[in-house]
Amino acid sequence: MKKYLAFAALMISLHSVAQTVQTFPNDKFMVGCNCKLYPDVVHMRMVRESGSKVPVSAYVCAADKDSYERATINNITIQNLSSNYKSYKSITPERAAAIFETGFLKQYYDNLLANGMEAEYTTYRGVKAIHYSYVMMETMPAEAIFFVKNRRGYLLQVASRTSLESKFQSVKGTFFFMN
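176 is the number of the first residue of the sequence shown in the numbering used here; add one for each residue after it.
Treat the hints loosely; a few may be bogus.
Pair by pair, the computed Cβ-Cβ distance ranges are [as the list claims (entries may be wrong)]: (1) R326 / R220: 20 to 26 Å; (2) K211 / N255: 20 to 26 Å; (3) G278 / L212: 26 to 32 Å; (4) P214 / T349: 15 to 21 Å; (5) T267 / T337: 44 to 50 Å; (6) D239 / V217: 19 to 25 Å; (7) F351 / E269: 22 to 28 Å; (8) M312 / T198: 27 to 33 Å; (9) S257 / K303: 14 to 20 Å; (10) D241 / E340: 18 to 24 Å; (11) T337 / E224: 30 to 36 Å; (12) P230 / I274: 19 to 25 Å; (13) N255 / L212: 16 to 22 Å.
27 Å max Cα-Cα, derived BS3-like pairs, lysine-lysine [as the list claims (entries may be wrong)]: (14) K342 / K303; (15) K228 / K324; (16) K240 / K261; (17) K228 / K240; (18) K264 / K281; (19) K264 / K203; (20) K324 / K303; (21) K211 / K347.
The hints are simulated quantities; they were obtained by calculation from the structure and are not laboratory data. Just so you know, even glycine gets a beta-carbon here, dropped at the ideal spot from N, CA and C.
Using the sequences and the hints given, assemble the complete structure.
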């Protein structure tokens, strides 16, 4: 009987997780989220209007949006950085990519510090990344991680006044690349 109950509990847990997993084949990732992510057309339009030549995909959703205390905002932004990579005759493409990515992350990190945010280098999904925290809209704490993989810059952000760390870890832990 105990084995059956444990199996049933496991299946319920897996079913709950499966309901929240969303796939984005065009951007080649999947993620578990506590709300349905939608294309963030406002953000994408703002990027285009700013004159940026970097193609961007962005997704956003809000959970418990009617509750000031429990509201959560999830945001995933992907920048296609392919056009920024350069080739050099004297070094391998892999080495050139590593040089670009290191410089790009350093610039991102320096911008965070210049704007008064706490940031630290870390590793995520096998690549160097930057984890940082800040306050969104003056009252909502947020955590984010930024990294470059497959010539794309990825930003995962979660903002919430309650259980921020567990919500952020959930999104971060369920983000996977699709081939």
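Tested hints:
Range check, R326 to R220: Cβ separation about 23 Å, and the 20 to 26 Å hint holds. Taking 20 to 26 Å as the suggested C-beta distance range, the pair K211 and N255 conforms, at roughly 24 Å. A beta carbon spacing of about 30 Å between G278 and L212 agrees with the range 26 to 32 Å that was offered as a hint. Between P214 and T349 the beta carbon distance is about 19 Å. The supplied range of 15 to 21 Å therefore holds.
The hinted range of 44 to 50 Å is satisfied by T267 and T337, whose Cβ atoms lie roughly 48 Å apart. Range check, D239 to V217: about 21 Å between beta-carbon atoms, so the 19 to 25 Å window is met. With their beta carbons about 23 Å apart, F351 and E269 fall inside the hinted range of 22 to 28 Å. Range check, M312 to T198: Cβ separation about 29 Å, and the 27 to 33 Å hint holds.
Look at S257 against K303: about 19 Å separates their beta carbons, and that is inside 14 to 20 Å. Taking the beta carbon of each, D241 and E340 are about 23 Å apart, inside 18 to 24 Å as hinted. Distance hint for T337 and E224: a CB-CB separation of about 34 Å, consistent with the stated range 30 to 36 Å. P230 and I274 have their C-beta atoms about 22 Å apart, which keeps the hinted 19 to 25 Å range intact.
At roughly 18 Å, the beta-carbon separation of N255 and L212 lies within the given 16 to 22 Å, and the hint holds. Distance hint between K342 and K303 is fulfilled; the C-alpha atoms sit about 22 Å from each other, no more than 27 Å. A C-alpha spacing of about 19 Å is found between K228 and K324, which places the hinted pair at or below 27 Å, so the restraint holds. At most 27 Å may separate the alpha-carbon atoms for a hinted pair to count; K240 and K261 exceed this at roughly 44 Å.
About 33 Å separates the Cα atoms of K228 and K240, which puts this hinted pair outside 27 Å; it is violated. Proposed proximity of K264 and K281 is supported: the alpha carbons are some 24 Å apart, at most 27 Å. About 31 Å separates the Cα atoms of K264 and K203, which puts this hinted pair outside 27 Å; it is violated. At most 27 Å may separate the alpha-carbon atoms for a hinted pair to count; K324 and K303 meet this at roughly 9 Å.
About 16 Å separates the Cα atoms of K211 and K347, which keeps this hinted pair within 27 Å; it holds.
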